[in-house]
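Each chain, letter by letter, is given below.
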Amino acid sequence: EAGVVQSPRYKIIEKKQPVAFWCNPISGHNTLYWYRQNLGQGPELLIRYENEEAVDDSQLPKDRFSAERLKGVDSTLKIQPAELGDSAVYLCASSRARGNQETQYFGPGTRLLVL
Amino acid sequence: DAKTTQPPSMDCAEGRAANLPCNHSTISGNEYVYWYRQIHSQGPQYIIHGLKNNETNEMASLIITEDRKSSTLILPHATLRDTAVYYCIVRVAGGGADGLTFGKGTHLIIQP
Numbered sequence: 001e002a003g004v005v006q007s008p009r010y011k012i013i014e015k016k017q018p019v020a021f022w023c024n025p026i027s028g029h030n031t032l033y034w035y036r037q038n039l040g041q042g043p044e045l046l047i048r049y050e051n052e053e054a055v056d057d058s059q060l061p062k063d064r065f066s067a068e069r070l071k072g073v074d075s076t077l078k079i080q081p082a083e084l085g086d087s088a089v090y091l092c093a094s095s096r097a098r099g100n101q102e103t104q105y106f107g108p109g110t111r112l113l114v115l
Numbered sequence: 116d117a118k119t120t121q122p123p124s125m126d127c128a129e130g131r132a133a134n135l136p137c138n139h140s141t142i143s144g145n146e147y148v149y150w151y152r153q154i155h156s157q158g159p160q161y162i163i164h165g166l167k168n169n170e171t172n173e174m175a176s177l178i179i180t181e182d183r184k185s186s187t188l189i190l191p192h193a194t195l196r197d198t199a200v201y202y203c204i205v206r207v208a209g210g211g212a213d214g215l216t217f218g219k220g221t222h223l224i225i226q227p
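Protein chains in written order, with our numbering: chain A, 1 to 115; chain B, 116 to 227.
Note that these hints are calculated values from the structure, not bench results.
For every residue, glycine included, the Cβ atom is placed at its ideal position computed from N, Cα and C.
Do not rely on the hints blindly, as some may be mistaken.
According to the in silico footprint, chain B covers these stretches of chain A (three or more CB under 8 Å from chain B) [stated by the list, open to error]:
hint, stretch
1, 36 to 50
2, 102 to 110
Computed spacing ranges between beta-carbons, pair by pair [stated by the list, open to error]:
hint, chain 1, residue 1, chain 2, residue 2, range
3, A, P18, B, R196, 32 to 40 Å
4, B, T171, A, K78, 37 to 45 Å
5, B, H155, A, E68, 39 to 47 Å
The task is simple: from the sequences and hints, build the whole structure.
As structure tokens, this is what we get:
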């Protein structure tokens, strides 16, 4: 089966500009995650969706970050305006519907550089 | 805060077994131990998980001590492609869809 698809793979923008990342999860996976990974650190959860509902967005900086998953499939993560500290890799992951121990499958990530 | 402690880096010779330790001394009875790895420029990849029994799959073996306060991931015959950052994660049972809490992991370098 096809894996989690993310685009773009790389993005370079100037500070204060907007940027958006797109994710297509594995077919049939109801749960979708966005993580941010700073250099030398492990990924940190930003938001989790169950179908189209955001069920955990406690770590999402809501002043400049937004996300949507309108039809419960693809998702978009947006930053507006971007700051220098937003430079990181943004990872999308998906898993099947809530179960006892569901494996998360990660995409390759979008590497963002804010100048 | 991450609930696990791992060495920041390890070396292993190609073809030998790589043994990656993880301490999770505050693990609860209903928490599983998970291992993921992240090869350079890729997303994390699931390896294996276990509760209290030792587990083995096509990628690795997981040995959990009897008191469950530590575990070891074993790659039986390491290859150069196993060079990656390995993350040990504890996760509550029933939290199947919850986000994962990653630490800094162990950077395993396989030497030719």
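These are the hints, each one checked on the structure:
1. For the stretch 36 to 50 of chain A, the stated coverage by chain B holds: 8 residues have a C-beta nearer than 8 Å to a C-beta of that chain, and at least 3 were required.
2. Coverage of a stretch by a chain is defined here by at least three residues with a beta carbon nearer than 8 Å to that chain's beta carbons; for the stretch 102 to 110 of chain A and chain B the count is 8, and the condition holds.
3. Remark: the range hint 32 to 40 Å for A:P18 to B:R196 is upheld by a beta-carbon distance near 38 Å.
4. Range check, B:T171 to A:K78: Cβ separation about 43 Å, and the 37 to 45 Å hint holds.
5. Taking 39 to 47 Å as the suggested C-beta distance range, the pair B:H155 and A:E68 does not conform, at roughly 31 Å.
In summary, the structure is inconsistent with hint 5 from the numbered list given earlier, while agreeing with all the others.
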